[in-house]
Each structure stands twice: as structure tokens, then as C-alpha cells.
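Engineer: Going left to right, the sequence shown walks through residues 3 to 421 as our numbering numbers them.
These are calculated hints, taken from the structure and not from any lab test. On a predicted model such as this, the values are computed, not experimentally measured, just so you know. Among these hints, one or two may not hold up.
Claimed, not checked - Lysine-lysine pairs mimicking PhoX-like chemistry, simulated, CA-CA at most 25 Å apart:
| id | residue 1 | residue 2 |
| --- | --- | --- |
| 1 | K161 | K123 |
| 2 | K45 | K224 |
| 3 | K45 | K19 |
| 4 | K134 | K161 |
| 5 | K45 | K34 |
| 6 | K19 | K36 |
| 7 | K8 | K36 |
| 8 | K226 | K45 |
| 9 | K224 | K260 |
| 10 | K19 | K8 |
| 11 | K260 | K45 |
| 12 | K45 | K8 |
| 13 | K19 | K34 |
| 14 | K34 | K8 |
| 15 | K260 | K226 |
Claimed, not checked - Label pairs and their in silico Cβ distance ranges:
| id | residue 1 | residue 2 | range |
| --- | --- | --- | --- |
| 16 | S6 | L125 | 41 to 49 Å |
| 17 | A192 | Q119 | 16 to 24 Å |
| 18 | K34 | Y217 | 31 to 39 Å |
| 19 | P27 | H221 | 43 to 51 Å |
| 20 | G227 | N112 | 27 to 35 Å |
Cβ coordinates follow ideal geometry from the N, Cα and C atoms, glycine included.
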Amino acid sequence: MFTSEKGVVEEWLSEFKTLPETSLPNYATNLKDKSSLVSSLYKVIQEPQSELLEPVCHQLFEFYRSGEEQLLRFTLQFLPELIWCYLAVSASRNVHSSGCIEALLLGVYNLEIVDKQGHSKVLSFTIPSLSKPSVYHEPSSIGSMALTESALSQHGLSKVVYSGPHPQREMLTAQNRFEVLTFLLLCYNAALTYMPRVSLQSLCQICSRICVCGYPRQHVRKYKGISSRVPVSSGFMVQMLTGIYFAFYNGEWDLAQKALDDIIYRAQLELYPEPLLVANAIQASLPHGAMKSSKEGTRCIQVEITPTSSRISRNAVTSMSIRGHRWKRHEQPDNNNDTTELGILVIPEISVTNVAGERTGNGEKGRTLGEIDAQHIQGVQETTTDPRTESKGLPEIRRQKSVRKMMEDGINSPGRVQF
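Let the hints inform the model, and build the full structure from the sequences given.
Structural biologist: Rendered as C-alpha cells:
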């Protein structure tokens with residue numbers, strides 16, 4: 003570290019000690035614009051033997067528990083680098099040089115697992131239903147979802163994932179190490195939109211280093227420093243992927259792509275299904291070319307919204323299609339002048355004989371639905387008489403001849419389709 007950088011850090015340490023409490027909001031607002039201070043603090047953290055490391059960690063913890071939102075985010079931006087330094091020192095078995103970093107990580111963890119009243123926090127997340135539209139998908143594109151008995155029984159029910167309550171920790175051990183670090187990365191990911199560009203770069207770099215150290219790919223990446231393997235958990239890698247996915251669409255495409263490849267490489271070696279599932283899903287959803295996004299201003303994950311498609315199939319039977327459906331009336335050539343009143347549904351008339359035995363042609367006269375129903379009921383109730391009594395003038399109803407029989411007899415029936 004150069005003398006000028008050391009002087010910037012020492013001035014920052016002394017300035018906060020003499021700062022009155024009323025000036026804290028203005029101080030926090032102006033702190034994020036001091037780029038030289040941020041770069042100097044990164045160099046202090048990267049040197050575990052630096053004499054400034056302990057006072058820097060102490061002041062970062064004071065920032066975090068001050069309750070000022072800007073100061074809290076200022077400390078969070080160094081979290082990926084602090085995690086890497088702690089894991090690197092732990093892998094080299096030099097535990098004594100990581101005491102102040104461990105204390106800072108434990109302090110942030112113990113503050114985050116409780117609310118302002120001191121009660122344990124329980125974080126919850128509701129998994130969205132695929133049957134309801136969102137900015138990520140359209141239900142109609144997934145396919146038809148049949149309303150089965152099982153689907154109806156689960157209608158309106160949503161799955162909620164809970165995290166917590168988390169126990170207080172007094173020290174980091176091999177057993178609880180990644181439980182604490184995974185939760186800290188979760189807190190960091192919750193504030194991703196407020197993290198500066200240098201913090202996203204640090205996140206991508208430490209993800210690559212954690213995944214390849216001690217493996218043959220370390221020589222390909224040309225990473226110097228420790229050569230020991232850094233143990234990781236499945237949940238910790240999933241949290242790393244969350245931050246990397248954000249970095250893809252917020253100006254750090256190259257570093258994020260390299261980190262994603264290294265995480266897939268390590269997940270395949272460890273046979274972790276969760277990181278492999280998330281990493282392959284991210285890789286499959288990435289565009290072919292690098293995203294050109296603004297590196298300034300508010301950041302967010304860009305989502306391509308698909309055009310909204312029609313919810314109702316064109317062939318679906320609806321009330322409108324039933325209302326518009328009408329039977330077509332076929333009339334005899336000599337009755338083309340007949341007209342039908344509007345609003346009356348016309349149905350071809352069944353061939354029957356009158357009381358006097360005179361035959362009435364089909365389609366000669368349109369009848370309403372009520373008349374046809376009444377005649378049909380009357381015809382069912384009457385008993386069919388012998389055809390030989392037709393000359394005596396007795397009432398009779400003859401059975402309708404089938405279309406095939408009428409064609410054999412050579413009778414053209416108006417109102418029927420002619421073959």
C-alpha cells in the first residue's frame with residue numbers, strides 16, 4: 003500500500019470519530035462518492051497482515067450498526083472481499099490473522115438475524131404459480147392446464163419458503179461456517195441494486211477464485227496466492243449465482259461469464275444438483291451476444307416480456323359463437339319468393355301426411371321451434387294405423403322415410419342435401 007492510500011484511510015478513521023451525530027446523514031450521503039477511499043479500503047482488506055485492517059473492520063461494523071441506511075450499504079459493498087479473505091486464510095490454516103474479519107462477519111450476521119425489537123427474523127418467499135401470468139411467462143404458452151380434481155383442490159394455494167429463525171453465533175467453526183456465510187450473501191443479494199460497479203467486479207472475481215483454487219483450472223486462470231482447495235456448500239454456490247446473474251445484465255458481462263463457467267466447473271466436480279440446475283438455467287436464458295447496459299443509475303435485471311396472446315382459443319365454443327350459429331334454410335325453386343320473419347329459427351320440416359292424406363313437401367313452410375316440438379309430442383302419443391285405412395280418411399301419421407330409401411324411390415325431398 004502506498005503512503006497516499008494509507009493517509010486516506012487514516013483520515014477516514016479519524017474523521018468519523020469526531021463526527022457529531024446530527025451530521026451523520028450528510029456524511030453518509032457524501033461517502034459513496036469517495037472512490038479513492040473505496041479503492042484504498044479494498045487494498046487494506048486484501049492485506050491480512052496490514053496494521054490498518056483491525057481499525058477498518060471495527061469502523062465498518064460501527065457503520066453497520068449505526069442504523070443509517072447509506073452507511074449500512076457502504077459496509078455491505080465490501081462483503082464479497084471480506085468473505086474471500088476469510089476463506090483464503092482459513093484454507094491456509096492461518097486462523098490468527100483472520101480474527102478481525104471473522105468478528106466483523108459475525109457481527110453483521112448477528113445484527114441481521116434479529117429485528118429492531120431483538121426478535122428473531124423469519125424470512126419468507128412465496129413461489130409464484132405457473133397458472134397465473136407474470137413478467138416472466140404467459141400461462142397460455144405452457145399448454146393447456148386441465149381442471150383436474152387435484153388442480154381444483156390446490157387452487158388458490160401457494161407454496162411459501164421460509165428461512166429462519168437463525169441462531170446466534172459467537173464464533174465461526176467448520177460446522178457453521180457456510181451457514182453464516184450463505185446468510186451473509188443472502189443479505190448482500192438483497193441490496194444488489196445499490197452496490198457500485200467495483201463491488202460487482204469483486205463478487206465475480208471471488209466467485210471464480212473460490213471455485214477453481216486447488217484445481218487444474220487455477221493454472222488456466224493464472225490465479226496466484228493460495229493453492230489449497232476452498233470447501234463450499236451447495237447453498238453458498240446458489241447465492242453466488244444470484245449475484246452473478248445480476249452482474250450479467252448490469253455492465254459486467256465478461257467477468258460474470260467467467261464466474262458462471264467456473265461455478266459450473268466446480269459444481270460438476272462436487273456433484274451439487276442445485277447449483278448445476280440454477281447455473282444451467284442461467285446459461286440457457288442468456289442472449290447470444292453481450293448485453294450493453296448502462297453502468298450508472300438504478301440497476302435491475304432486464305426481462306424480455308413476451309407479447310400477450312389470446313386466452314381463448316379460436317375454436318372454443320362460446321356464447322357468441324352459439325348465438326351467431328343459425329340453421330340454413332333450403333327452399334324449393336318454386337318457393338324462392340317466400341320470406342321468413344326475422345328472429346325466427348327455421349328448421350327443415352319433417353315429411354308427414356295431413357289428415358286428408360295429402361302429402362306436404364319438406365321445407366315448404368317454416369315453423370318455429372315451439373310448433374315442431376308440439377307436433378313431435380303429439381305424433382309420439384298417437385298410434386300408427388294401418389296404411390290400408392288411408393282411403394277411408396282416417397287420421398294417420400306415417401313414419402319418415404330415411405334419406406337412403408327416398409333416394410332409392412326417386413323422391414326428391416326439398417330441404418335435404420341432394421347427392
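Engineer: Could you run down the list of hints and mark each one as holding or not?
Structural biologist: Taking the hints in turn, this is what the structure says about them:
1. K161 with K123: Roughly 19 Å separates the two Cα atoms, so the pair holds.
2. K45 with K224: holds, 20 Å
3. K45 with K19: Holds: K45 and K19 sit about 22 Å apart, inside 25 Å.
4. K134 with K161: holds, 14 Å
5. K45 with K34: The hint holds at about 17 Å.
6. K19 with K36: OK: K19 and K36 at ~18 Å, within 25 Å.
7. K8 with K36: Holds, at about 15 Å.
8. K226 with K45: holds, 16 Å
9. K224 with K260: Given that 25 Å is the threshold and the Cα spacing comes to 13 Å, the pair holds.
10. K19 with K8: holds, 17 Å
11. K260 with K45: Holds: K260 and K45 sit about 23 Å apart, inside 25 Å.
12. K45 with K8: With a Cα-Cα distance of about 10 Å, the restraint between K45 and K8 holds, given a limit of 25 Å.
13. K19 with K34: Between K19 and K34 the Cα gap is close to 18 Å, so the pair holds against 25 Å.
14. K34 with K8: Holds. K34 to K8 sits at ~19 Å (cutoff 25 Å).
15. K260 with K226: holds, 17 Å
16. S6 with L125: 41 to 49 Å: Taking Cβ atoms as reference, S6 and L125 lie about 43 Å apart, which means the hint holds.
17. A192 with Q119: 16 to 24 Å: At roughly 20 Å between Cβ atoms, Q119 and A192 fall inside 16 to 24 Å, so the hint holds.
18. K34 with Y217: 31 to 39 Å: holds, 37 Å
19. P27 with H221: 43 to 51 Å: holds, 49 Å
20. G227 with N112: 27 to 35 Å: Given range 27 to 35 Å: holds, Cβ gap about 30 Å.
The structure is consistent with each of the numbered hints, conforming to all of them.
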